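Peer 1: Here is how the chains run, residue by residue.
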Amino acid sequence: MGSTGETLRNLLTLAWLLPLIGFLVEIYALCWTHRLSKAPAYLAVGCIAAGFVCSFTALMTWGVQTDWVVFQSTHHDEHHEGDHHGEQHHADEHDAETAHVAEPAKTDEHHKHAEKAVASAPADALAATHADHAAEHGDGHSEEHAAKPTVFAGTFYNLGSFGPLKISLDWYIDSLTLVMFTMVTFIATCIHIFAMGYMQDELTEDYVDHEVHLANHEHFHRPGRFYRFFSFLSLFCFSMLGLVLAGNIFQVFIFWELVGVCSYLLIGFYVERKSASTAANKAFIMNRVGDFGFLIGLMIIWTSLGTFQFFDSVDAEGHTSQVGLFHLIRGTTGEMQLSADGQQVLLQNEVGELLTAGENLRSIPYWLLVTAGLGIFAGCIGKSAQFPLQTWLPDAMEGPTPVSALVHSATMVAAGVYLAGRFYPVFTPEVLLVIAYIGCITLFLAATIAVVATDIKKVLAYSTISQLGYMMLGIGVGGWGAGLFHLVTHAFFKSLLFLCSGSVIAGCHHEQDMRKMGGLWKKMPITAATMLVGVIAIAGLAIPGSQAVLGETFAFSGFHSKDAIVATALAYTKLNAVHGLLFLAPLVTAGITAFYMFRLWFMTFAGAPQDEHVYDHAHENPAVMTGPLLVLSLLAATCAIGGESGPLYKLLALSEAVPAGASTAPSSPVTIVLPTHGQVHAVHATAGKFALLAAGLGTLVAYLLYCRKALNPAEIGRQFSGVYGFLVDKWRFDELYDFLFVKPAHSVGRWCQGFDKVVLDGVLHGASSLVMLVSTWDRWFDERMIDGLVNLVGQVTGQAGRSLRVVQTGHLRQYVMWIAVGVVVLFAALFTALPK
Amino acid sequence: MDTVGLNSYLLVAAMLFVCGVVCMAVKRNGIGILMGVELVLNGANLNLVAFARYTVLGLDGQVMALFVIVLAAAEAAIALAIALNFYNNHLTIDVDRGSELQG
Amino acid sequence: MFSTLLNQILSDSTGQPFGSLQLFGPELTLSAGIVLMLLARLCGIDRRLPTHWIALWMTFIAFSLGVFQFVEFSRSDLGTVEYFSGLMVFDRFSALFRLGLLLFLIFTITLTVISGIPDRDDAPDFYSLLMGASVGMLLMGGANHLLMLFLGVEMSSVPSYAMVGFLKGRKASSEAALKFVVYGAGAAGVMLYGISLIAGLLGTAEFPQIAIQLQTLFAGESAALSNPAIRLLMLGILMLLVGFAFKLSVVPFHFWTPDVFQGASAEVGGFLSVASKSAAFVLLVRTVLAFVTPASSADLGQIYLTLGLGIGVIAAITATFGNLAAYSQTNMKRLLAYSTIAHSGYMLMAIAALIVLRAGLEPGSTGYDDRCARAVEGLLYYLAVYFFMNLGAFAITALIRNETFSEEIEDYAGLGFQAPILAIGMGMCLFSLVGLPPLGGFVGKLFIFAAVYDSGFVHPLMWGILAIGGLNTVFSLFYYIRVMKTMYLQERPATARALRVPAWSYSGAFVLILTLPLLLPLGTAVQLVSGVAKRAAMSLFAGL
Amino acid sequence: MVSPELLLTAVVFLPTLWALFTAFFEPKATEAIRYFGLFGTALTFVLTLIVLWQFNPELDVKETHAGYQMWFQMPWVPDWNVNYSMGVDGISLPLVVLTGLISFLAMLASWSIEKHVKGYVILFLLLETGMLGVFLALDFFLFYIFWEVMLLPMYFLIGIWGGPRREYAAIKFFLYTLAGGVLMLIAMLMLYFNSGRSFDLITLAEIGQGNIAEYVFSPTFQIAAFILLFIGFAIKLPAFPFHTWLPDAHVEAPTPISMILAGVLLKMGGYGILRIAFPICPYGAQYCAYGIVALGVFSIIYGAFAALAQTDFKRLVAYSSVSHMGYVLLGMGVWKISENADDAVYYWQMGVSAAMFQMIAHGISSAGMFFMVGVLYDRVHHRDLNKFGGIAGLMPQYTGIAAVLFFAGLGLPGLCGFIGEVFTVLSAWQYDHMLAIIAAGGVILTAGYILWTIQRVYFGPSYKGPHAEAIVPANSRELLVGYVLLAFAILFGVCPNLLFYEMNPTIERFVHQVDAGYDKALEQLQAAPPEGVETTWIP
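Chains as they are written, first to last, in the working numbering: chain X, 1 to 836; chain U, 837 to 939; chain D, 940 to 1483; chain R, 1484 to 2022.
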């Protein structure tokens, strides 16, 4: 793989493992020596900051290695560019993995296969794309970078191997990995620094938890747990980075669970609070429900494809020993190969040839692939809190605010989207449709709840769910780049928003209810300003017409990424008119988003103070907290600069494994056509206008309601009390799940318990009492039955023989009698048994 | 059935045997039971002697009968001693009174 | 003529190196011992020299003679020696039995000495009866004639009746003795009647002749029940078996057992349960082999097969009955009595297997003798184990009785930590009775079950019997473990008498000597005993 | 090289010897007896490590005795063809070492035993002999003896030192296991008489796999023998519906004995199935495979549900054992015979490996969980889940260890439980989709009951039960036990290949041999329909 690969691996591994080392030191050394100092925090910040440096260096190294391909295609017009990236990437990726094989003729071969693939592709709907695709390959554009791999992968070590089946810990580095690494480490660094201020009050031997009321009406006292907070954060960073670095889906699952448990630990950081530990449990168990699906997906992949690896592993001689998942399903061109009846997906190797097993072609049933995709996506649903598993995320706000910022908005919950993106090549169009609809439902549902939420963190939590829905929708409608683009921008502005809310909460002495705030901008100007940046970013506001002046639309990051999603959705809806909802919902929700975000800002910072007590004690926070806010607001504003022609998008798009529009819709009941880059671009401007309009409307309504008080929101709530209550109750999902799952599970548990006690043990006890019964019966038989029998015989004998007095029984005589009876009975038995 | 043959002896012996068994079973008196035992043994003895006379068993049968008589005597001695002992403890020879051991 | 007879008795006129009296040495020694003891009391010597020393020494001499005979005989190539003009037979089988029985006698006498059950006045009587019964059992072990069979049974029974009633002044004891004697006498009468029928029908009473006579009797005739001779024969055999069933306490002839064991002292109980059962089993093997021979015609073989299966079923019933009935017992001796019944059932399975194999296998087929011999070997091994485990259980019951004056199980509470040696010994015996490895009981049971399984190839019913046998193992666990539970898991009541039986006392040493063989060699170094048992068993078949 | 006879014999009988020595101690010298016993178990552990060190998993099979290393055979009862025969392979080795380790740790956890210490240590050591013997014996007779030998010490250990319902629990344990043992005994006799009188497990396996021309175990015979053996082992495992002894035994047993029960004894069931039932009756095993898998899956779900309903801490952990051992059955049973997928056998191999791994992992995690329960019980003398709470604040370090061990039981990646559970489930899909899905559903339930337990016991503001004053932080002995288990839980979770390396060659050979054995039996079946059990006899 060459030295670049090793350099990247080493840098990222270092970035990955540093937090783990930090965790171990914090939990096992500093907890004893530095419980009350900030040393654990310094260590954690040091580790994660060093990780950021490593990640950034790696990004630069990768850029140098790839000759900054990201920035080179700006001469092309945009239409071309979009398509081009997809194609180019394939060539690159393909070359990357086989670079060390160093076959000069390979590219040609590759093209040949590509053409063959096109010829055999059954889906006519995409024929145009294919032709386009093939032509692109022929035009030589991609060849200038042919020798510059953009994907690097390899194996750390083996977890277990069973004959030809191998499970290992791998690494897989492409631009997506690098962007994620840089983003995660950067945001994490900011949040760590912020947390040093936020968690300050834990630096004590006697921390009073005002949320916990003891039986004697006192508050709960305990030693501070500053060090523990940072150790958990470090552990989380390790897990999250591991998830991103993972080179196979099984490894993703491993870290998937680990981030889950870190989230559990951090949500339940205040273990004394019942609500916190319950929320932690809920988060973990809801995630496990998703993981159940994930596991099914894993089983199918493992059994049908025999590998978990994303990439092709190479043996010592340089031959491919195991074709990776992506090539197995998509070959080199990004196309699936279907059998004639469309029921089987044929497996391909690293040069696009069909694989054989004996005389048959190796294949996986189409429905299984769909199921696998749905299974994996179920994991994403759980992790990213999508409908119907969205209920855990709002509760997860029980954790300290930096946790919400890092884990429950910027990184972990986005891992679901990341995985959906990473695993995109394995998804069939049906799966994508499901993803799109799930995203669509989620984004609307969460946004509606956010409208009525009054807890500042809960609003942000619902907004997170909603935004994650956008990302899912983007991926589902074929906008791979758009979805992940939104992931990154969202990470910045949402972590900013959460930190701002944290700043507010800290400034207001742990008051989270927005109804008690208001007018805080005077007290906390920096927080207010930075939060406004975040709100504008998430609302997707832009300055109309600025494109004409600046060459591109002037807007903060959220506009660009949401625009990309909405545009893709529009293009998709145009191609698949049945699914019009997929465009309408995000459009409407864009407006709602703007509404509730500005509602939040207005309620908090604008207007008159609602609660004097809160207001009087509110204060701006020290620099250690506001500093990160400023840095993040800068990035939230600018990270997406250039939109889809900007560096970030292009960097991401370089990792797109499947060309936009490439898919096959076989004989399944749903026929889906995915838009190409060109088709998306064609509607981009229209979509952008719609989206901006919606956002503007939302902002306006919010302004009128909450700033100008043109209408009384409470009055509206009363008028629509049914809907209002329904939304306040979060669409009553918790009650539903409690009724459908939790209670039945406990009942079944009790039944099992009862079955053990009543039936199984009952059988045993019954058997033993039966034995006892027989035993006493034996005794009774001895005493009575024989007596009776003997009496009878004795009477008969007596009457037949001589006249005896009334026979009185006695044991001994009965015993003796039994000798005679025994002989007679046995003789009779013998006579019946013996051959006549 | 003019002549007295083997079967006649056997029949008598069988009757003795049955009488003995019935006696053992219905008598309450310990001594009575022992008499029943003697009847049984003597029934068998009669068999043996008869067989000795009528079949190839020959002298063997008679010798056996002799031994049995001796044994019966020994057995009777022991049995009487035990009966006496029983009487000492229970002040009766009614075997039905001995039902302390059961279950 | 008289001189010829004398000559025959004293020397080897039968052309064999062992004279009749020489072979009869141990019995004679025991008899001499009886005479000596009675004389000693007559002369008043027993006031200075305790009678048990005479008993012990004479038994020891008899044992030494037995060892000598065993070794001598093993060296010679002789398979079987008939003596006393064919009334008795001597082979490795009887030699081994004789050794075992005499050793057992030594143990029993030692036990009585330690537990002091016969007082000084009664000692000569008691030991006379004990040794007299032993002589009878020795006769059973070597019987080669129906008369000797009957004599042996009676000679072993009659002194036993007296021994059961030896606890003077106890109602229970006298009642038990009376029951025993009446029941025993009745059974003996039935048995004798059966013997008379068989002897009369076949015209012979010598074991080796029986099979031959059967052949001639049924030559050319159908050996089905329609043949009156067969009916008579069957009736005879059945009555004969009734006698055995009484001795072995097989259901439904077991009724005396619990009463007698409870009424008698534990020492006598131990003696009865082991010695008298072993002798009866040994005799039963001989009888079975006399009747069931490879030469039996096909029809007769079929009848024997049915008989064998019937015995198997009865064995299964006996085992089950014994185990179930033992559940609700509260008296240790009574519990052990039911356990004895159950174990008779197990051992009877070996006899059933022997009959089934002998009658059902094609004579001359590969391993014909070997497979039959293994059934006998299993039985012998089991008897050897039974020797130690059952005597051990009775002995410990006696020793505990001496300490606590109780034989009720509930009074054993907490003994485990007060008298560990007794409790551990009891545990080994009882768990061996259950059949748990690494104790001898397991190996014995395994050998018997193996034989039963093997006979299942002849008739699958035997597999069913095996299954019941296996099930019984589980059943039996309950009541044995109840004793252990009381000893270990329950606290000793504060009011109860404390007791100390240290390991280095006579009792402790005796218990150790008695129970350790269960572990080693019987439980683990199996080959030692099983090899001997196998050679003894083979000697029964070599001559046939 | 130490001679194998000496080494393996020493491993097995050193504890017995130690028990004998212990018998000579003055009963009142409890501390000395404890240290002496600890020394004995430590020495045994060292010996097992020597076995580990001498074992070379990469050794070519030709240089071993049918795959067994350190194999030896000495005549024991020549008349009955019983041999004293032992050896190790990749299946038994990890279990032997695990036994050494858990015994050592359990002895270390035995300081809380106050009454009759001498008897306790003696029985404990005898128990260890039985366990090690089972894993090392290669003669069925010897195996059976060791198998049953454990019963008695276990009975008394539960019965004397156990909780309030100890008598019931002890007799139940005894009864179940003995019943299983009787079935096994019958199967043993069946095999013995149909193999020309052999107890040798290697020979029996060869016959079962059709490699010896003279003797054949016919298909019907194999099915019958397999079912008998399987029930015998399933009781020990334990699988539904033979599991009800386990909650009682676990709950009533003293803490160290619970550790042994969960850590080692349950593994004997799985080991027996792998060592005896499968190789000797390949056809029977394949015939019953669906039943095995279904039983395993049902046990997983059933155990998890039952655990959810518990209020007794220890009982909950006990039911979690039922659930976790279900994975073992599942992994072993996923043996699919399919004509068009040659690599199905590799998934089975994975299943078997994972089942083995799960046994080891469960040995570590459940022993740890029981110990953690015991530490609490020693302090507050109750186990009512609803009367705990706030332990995290009172015993922080202990809570940390406990949480990790419970998470290991939950199957958290990076800890040992994960590999076993997930690998078995992964291997199951190819066998049966529905069952695999149900098994995967177990992860939700497991998370449910474990997290709920952690919440009720460790979290919350304050302790709600009696004896609050007795809750003091764990002492160093308790921490040592905890940390050792923790270290192994993490080690095997992070580097499962450490274990797979030892096991894989053996298991690979195992699956291929058994697979081939099934094929031969099938050929035989197709060639001539079976007519009952065939009799073979050699004098």
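Please note: incorrect hints may appear among the correct ones.
Restricting the straight-line Cα-Cα distance to at most 25 Å, the calculated cross-link-like pairs of lysine-lysine (DSS-like) are [claimed, not checked]:
no., chain 1, residue 1, chain 2, residue 2
1, X, LYS757, R, LYS1870
2, X, LYS274, R, LYS2003
3, R, LYS1947, R, LYS1545
4, X, LYS516, X, LYS709
5, R, LYS1870, X, LYS743
6, X, LYS743, X, LYS574
7, X, LYS274, R, LYS1947
8, R, LYS1947, X, LYS166
I should point out that these hints are in silico values taken from the structure, not numbers from a laboratory. Every value quoted in this text rests on a predicted model; they were computed, and no experiment measured them.
Peer 1: Each hint: holds or not?
Peer 2: These are the hints, each one checked on the structure:
no. : hint                    : result
1   : LYS757(X) x LYS1870(R)  : holds, 23 Å
2   : LYS274(X) x LYS2003(R)  : violated, 62 Å
3   : LYS1947(R) x LYS1545(R) : violated, 63 Å
4   : LYS516(X) x LYS709(X)   : holds, 16 Å
5   : LYS1870(R) x LYS743(X)  : holds, 22 Å
6   : LYS743(X) x LYS574(X)   : violated, 45 Å
7   : LYS274(X) x LYS1947(R)  : holds, 14 Å
8   : LYS1947(R) x LYS166(X)  : violated, 49 Å
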